[in-house]
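Novice: As a plain string of letters, each chain reads:
2 protein chains.
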Amino acid sequence: MKIASVESFGNADVALVRVRTDDGAEGWGQVAPYHADITAHVLHRQIAPHALGRDAADIESLADRIPELEHKFPGSHLYRALAGFDTALWDLRGKVQGKSVSSLLGGDARRFRAYASSIRRDITPEHEAARLVGLRELHSFDAFKVRIGKECGHDEDEWPGRTQAVIETVRGALGDDAALLVDANSCYTPAKAIEVGRMLEQHGVTHFEEPCPYWELEWTREVTHALQLDVAGGEQDWDPRVWRTMVETRAVDVVQPDVCYVGGFTRALRVASLAEAEGLPCTPHSANHSLVLVFALHLQAAIGNPGPYVEFSIEPDADYPWQVGMYEPRPEVVEGKVALPEGPGWGVESHPSGSRAPSTGSAGSTEVDGFTSGVHMQPPETATTVRVEGGTTLTTDGPFAEIKEAIGGYCFSEANDLDAAVELASRIPAASMGGAARCARSWSGSGTPASRPGHFPKPSRAARASSVCASAA
Amino acid sequence: MKIASVESFGNADVALVRVRTDDGAEGWGQVAPYHADITAHVLHRQIAPHALGRDAADIESLADRIPELEHKFPGSHLYRALAGFDTALWDLRGKVQGKSVSSLLGGDARRFRAYASSIRRDITPEHEAARLVGLRELHSFDAFKVRIGKECGHDEDEWPGRTQAVIETVRGALGDDAALLVDANSCYTPAKAIEVGRMLEQHGVTHFEEPCPYWELEWTREVTHALQLDVAGGEQDWDPRVWRTMVETRAVDVVQPDVCYVGGFTRALRVASLAEAEGLPCTPHSANHSLVLVFALHLQAAIGNPGPYVEFSIEPDADYPWQVGMYEPRPEVVEGKVALPEGPGWGVESHPSGSRAPSTGSAGSTEVDGFTSGVHMQPPETATTVRVEGGTTLTTDGPFAEIKEAIGGYCFSEANDLDAAVELASRIPAASMGGAARCARSWSGSGTPASRPGHFPKPSRAARASSVCASAA
Numbered sequence: 000m001k002i003a004s005v006e007s008f009g010n011a012d013v014a015l016v017r018v019r020t021d022d023g024a025e026g027w028g029q030v031a032p033y034h035a036d037i038t039a040h041v042l043h044r045q046i047a048p049h050a051l052g053r054d055a056a057d058i059e060s061l062a063d064r065i066p067e068l069e070h071k072f073p074g075s076h077l078y079r080a081l082a083g084f085d086t087a088l089w090d091l092r093g094k095v096q097g098k099s100v101s102s103l104l105g106g107d108a109r110r111f112r113a114y115a116s117s118i119r120r121d122i123t124p125e126h127e128a129a130r131l132v133g134l135r136e137l138h139s140f141d142a143f144k145v146r147i148g149k150e151c152g153h154d155e156d157e158w159p160g161r162t163q164a165v166i167e168t169v170r171g172a173l174g175d176d177a178a179l180l181v182d183a184n185s186c187y188t189p190a191k192a193i194e195v196g197r198m199l200e201q202h203g204v205t206h207f208e209e210p211c212p213y214w215e216l217e218w219t220r221e222v223t224h225a226l227q228l229d230v231a232g233g234e235q236d237w238d239p240r241v242w243r244t245m246v247e248t249r250a251v252d253v254v255q256p257d258v259c260y261v262g263g264f265t266r267a268l269r270v271a272s273l274a275e276a277e278g279l280p281c282t283p284h285s286a287n288h289s290l291v292l293v294f295a296l297h298l299q300a301a302i303g304n305p306g307p308y309v310e311f312s313i314e315p316d317a318d319y320p321w322q323v324g325m326y327e328p329r330p331e332v333v334e335g336k337v338a339l340p341e342g343p344g345w346g347v348e349s350h351p352s353g354s355r356a357p358s359t360g361s362a363g364s365t366e367v368d369g370f371t372s373g374v375h376m377q378p379p380e381t382a383t384t385v386r387v388e389g390g391t392t393l394t395t396d397g398p399f400a401e402i403k404e405a406i407g408g409y410c411f412s413e414a415n416d417l418d419a420a421v422e423l424a425s426r427i428p429a430a431s432m433g434g435a436a437r438c439a440r441s442w443s444g445s446g447t448p449a450s451r452p453g454h455f456p457k458p459s460r461a462a463r464a465s466s467v468c469a470s471a472a
Numbered sequence: 000m001k002i003a004s005v006e007s008f009g010n011a012d013v014a015l016v017r018v019r020t021d022d023g024a025e026g027w028g029q030v031a032p033y034h035a036d037i038t039a040h041v042l043h044r045q046i047a048p049h050a051l052g053r054d055a056a057d058i059e060s061l062a063d064r065i066p067e068l069e070h071k072f073p074g075s076h077l078y079r080a081l082a083g084f085d086t087a088l089w090d091l092r093g094k095v096q097g098k099s100v101s102s103l104l105g106g107d108a109r110r111f112r113a114y115a116s117s118i119r120r121d122i123t124p125e126h127e128a129a130r131l132v133g134l135r136e137l138h139s140f141d142a143f144k145v146r147i148g149k150e151c152g153h154d155e156d157e158w159p160g161r162t163q164a165v166i167e168t169v170r171g172a173l174g175d176d177a178a179l180l181v182d183a184n185s186c187y188t189p190a191k192a193i194e195v196g197r198m199l200e201q202h203g204v205t206h207f208e209e210p211c212p213y214w215e216l217e218w219t220r221e222v223t224h225a226l227q228l229d230v231a232g233g234e235q236d237w238d239p240r241v242w243r244t245m246v247e248t249r250a251v252d253v254v255q256p257d258v259c260y261v262g263g264f265t266r267a268l269r270v271a272s273l274a275e276a277e278g279l280p281c282t283p284h285s286a287n288h289s290l291v292l293v294f295a296l297h298l299q300a301a302i303g304n305p306g307p308y309v310e311f312s313i314e315p316d317a318d319y320p321w322q323v324g325m326y327e328p329r330p331e332v333v334e335g336k337v338a339l340p341e342g343p344g345w346g347v348e349s350h351p352s353g354s355r356a357p358s359t360g361s362a363g364s365t366e367v368d369g370f371t372s373g374v375h376m377q378p379p380e381t382a383t384t385v386r387v388e389g390g391t392t393l394t395t396d397g398p399f400a401e402i403k404e405a406i407g408g409y410c411f412s413e414a415n416d417l418d419a420a421v422e423l424a425s426r427i428p429a430a431s432m433g434g435a436a437r438c439a440r441s442w443s444g445s446g447t448p449a450s451r452p453g454h455f456p457k458p459s460r461a462a463r464a465s466s467v468c469a470s471a472a
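Keeping their order, the protein sequence lines are chains F and P. Residue numbering for the first sequence follows numbering that gives the first Met the number 0, beginning at 0 and increasing consecutively. Residue numbering for the second sequence follows numbering that gives the first Met the number 0, beginning at 0 and increasing consecutively.
Keep in mind that the hints are not guaranteed to be accurate.
Which copy? The list can't say, so a pair holds if one copy fits it or any two copies do.
[What the hints assert, rightly or not] Cut-off 30 Å, straight-line C-alpha distance, at most; resulting in silico cross-link-like pairs (DSSO-like, lysine-lysine):
(1) Lys98 to Lys149
(2) Lys1 to Lys336
(3) Lys1 to Lys149
(4) Lys336 to Lys191
(5) Lys191 to Lys94
(6) Lys94 to Lys336
(7) Lys94 to Lys149
(8) Lys336 to Lys71
(9) Lys149 to Lys71
(10) Lys191 to Lys1
(11) Lys71 to Lys191
(12) Lys191 to Lys98
(13) Lys71 to Lys98
No lab work stands behind these hints: they were computed from the structure.
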């Protein structure tokens, strides 16, 4: 079962990876999102050459050996690429054995409590509370995470008073029974984090994520030891040295490996195991609806120390267009719980031309003993089928560029105005009106643009966002 | 003095970086070699956007802030790119103030003892000893470093018995007065490293570099504490957390930051300073003749705890074609010492079209408020001027491709035969004969191909190597 090809299908936001063997087996994985085209270069130039011709069953030894062979490049880009390769091998292993990835490891959990994870700071406390209440009505969430402080903020708040206000307002709106989590994204010095932490504890917050710059482990440890609530962290970390120190010195109460950032499923399992040996739970980071969410579900099912819930992003697809159409079925939250996709491997079907953010560059190709590694560019923008978010597929006779212009023109362009969007939607061909309406709702669901301070997409973002609505089938 | 443009000039092996300000100042730096085209993507996509429009004088705050803004990508690729930007800013600062970089920091050393650094393991002990003796005759080196074990070798030797033999043979050939250093490149477990270390001590070796996998800091510490000789390490490390642990726990006796791997001159200075506070010397890693060697010389001149010598690669340009023609003057060893280039900034003139390894890909361009960041591709292969290694410039009427074919045909092609090379050299246009002869000597200087086990360049390498002899002026 020799690895015969390593392919990536993606763009600047995200890339799927397909590994095929010489006997016809195949598996799908995904590199980490963001600058994924650069990661694809790394995959094809620094991962695949060491993998082609090797036995696809040797996942663990490949996960060890490849970073050794690229030991001059210790860091995130390498592990983001390795994750794409490693997760494809796990899918392949599952498919060959006719088992889901978690079942391969003896996991039998099938539904997981999900926490509704807000990614936004550019949102007023009232608006945040309103949408969390709305989502609870729709999906019966009983756990919620909001953002506090400012990302890498050096003790600054996103705007003065927001942190205290968002905690008070959200707690007031959700009541005392809701589990409330927060994420400070590396904002605070230890003294400030402890001060904020005491306030959080007074409001029954139970999970304080990344209180300090994550690279200041000693700071984080100081906060962890000073507070009663759980301090969590580790999402960006890949270095086993750092994980060991983090766990052994109990710098956090909860480890949060991201399957795509840590270098894949194999290495995420190791982090969970390391934490389990020290009695710490593992709540993986899965802050978007790309395959990382599916990987996180399998991880939770497979390990002995899963945290109490799985992270489930509540941000609209309009803000993360690239996560749309990559695979199906997409996990959904029903009665506060999210189900593990069923079936062999990851249990999902990947759609390599699904995500339609603009393509950039090519990573070229590599050939080793007749085996190949290379990038598949996005198809040209002449597709005549449109898939809108949520899975509805619509066909139109117009070329993609026209549809893009029509759909993109109303909800993400410089107008930034719901009325203008509705007017523009009327100009969209009848066949794709459903998509247009859905986009409008998605946007509306996050409030009108005017109520989102600081959230006026730049043209480049608008151009990207417009593609959320239309993806080649 | 706002940063108005960030440009890179390079290829898959190495890339120069030019930063220009809105008032016309400019500086040149360099990203780390190897997969430098990928690093250029990172530079233009993940470094430059945070830098354009900022004050070029704020080097230290940019070196702090940019990794924060890219904190989802902690690792080598990011710091390799940052190094290109940071070193360009230091050159710019020096040029604006009319001082060399080391003088900006109060350094006044001008000549440094160099150690002759062998990079090769595919060389017999006899051949290695012979070339070290030859180099001593030519340049009066009194310190030499050879490679032992196998890179990331899991206790294996490059071939059975080579390590012991190369130490005995080289020591025998050089006599007892020569300083002898070794590099194990992450080969050994602690027990084996200590066993090898005792043998090294018996032969008067004083510097044992990277005895264990460098990412196993505890292993390295165990070896450091067990042996009398100096254990050195750190070349691949960029993470300040790791440097702190390495220094504070005295995992090594000598720190070896690489200016290009660690994220630039600013961050290399910090590592040196951290080590100085703990009483450890700093001997920077500079294993090739790209600008990293110049950066290392300035570092040694600027810091308070320089090690006793500077690393000076003895490998022929034929094996590192991309390091030829990038800048001048190239540092040379005279009487065992290498001089700091004189003049403002780094004291060298960069030649953006000098290094002629094949170009791959484009990182596209970025624009922020009218300021730009982008890649300059190599000029097409129609140059009519040829620069041969060593600095001689020859002009010919033929297009580059013909010259390349002629020069590349004899010394690096599948023939791999010195006689055939000389025969082929006769076919080269008279005007470029000097270059041909020089290439032949360079190859010959490392012994005939037949005496270099395992060192038969593949066609792709041959094609690259051929470009050493010809570079567009």
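Novice: Quick one: Lys336 to Lys191, C-alpha cut-off 30 Å, is that within a copy, between copies, both, or neither?
Specialist: So Lys336 and Lys191 fail the 30 Å test inside a copy (35 Å) and across (52 Å) alike.
Novice: Measure nothing new, just compare the shortest in-copy and cross-copy C-alpha distances for Lys94 and Lys336 to 30 Å and report within, between, both or neither.
Specialist: within (26 Å within a copy, 62 Å between copies)
Novice: With identical chains, the pair Lys149 and Lys71 could be close in the same copy or across copies; at 30 Å between alpha carbons, which is it: within, between, both, or neither?
Specialist: Between copies, since 15 Å is at most 30 Å while 33 Å is not.
Novice: Under a CA distance limit of 30 Å, which applies to Lys94 and Lys149: within one copy, between copies, both, or neither?
Specialist: Classified as neither; 43 Å inside a copy, 38 Å across copies.
Novice: Is it within, between, both, or neither for Lys98 and Lys149, if the alpha carbons may be no more than 30 Å apart?
Specialist: neither (43 Å within a copy, 40 Å between copies)
Novice: Given a CA cutoff of 30 Å, do Lys191 and Lys94 count as a within-copy pair, a between-copy pair, both, or neither?
Specialist: Neither, since 49 Å and 42 Å both go past 30 Å.
Novice: Which holds for Lys71 with Lys98 at a C-alpha limit of 30 Å: within a copy, between copies, both or neither?
Specialist: Neither, since 37 Å and 33 Å both go past 30 Å.
Novice: Evaluate Lys191 and Lys98 at a C-alpha cut-off of 30 Å and name the case that applies: within, between, both or neither.
Specialist: neither (48 Å within a copy, 42 Å between copies)
Novice: Classify it for me, Lys336 with Lys71: is the Cα-Cα distance of at most 30 Å met within a copy, between copies, both or neither?
Specialist: between (43 Å within a copy, 28 Å between copies)
Novice: How would you label the pair Lys191, Lys1 (within, between, both, or neither) given a Cα cut-off of 30 Å?
Specialist: neither (54 Å within a copy, 34 Å between copies)
Novice: With identical chains treated as interchangeable, where does the CA-CA distance between Lys71 and Lys191 reach 30 Å or less: within a copy, between copies, both, or neither?
Specialist: between (37 Å within a copy, 23 Å between copies)
Novice: What label fits Lys1 with Lys149 when the C-alpha limit is 30 Å: within, between, both, or neither?
Specialist: This pair counts as between: shortest inter-copy Cα distance 27 Å, intra-copy 48 Å.
The structure shown violates the earlier hints numbered 1, 2, 4, 5, 7, 10, 12 and 13.
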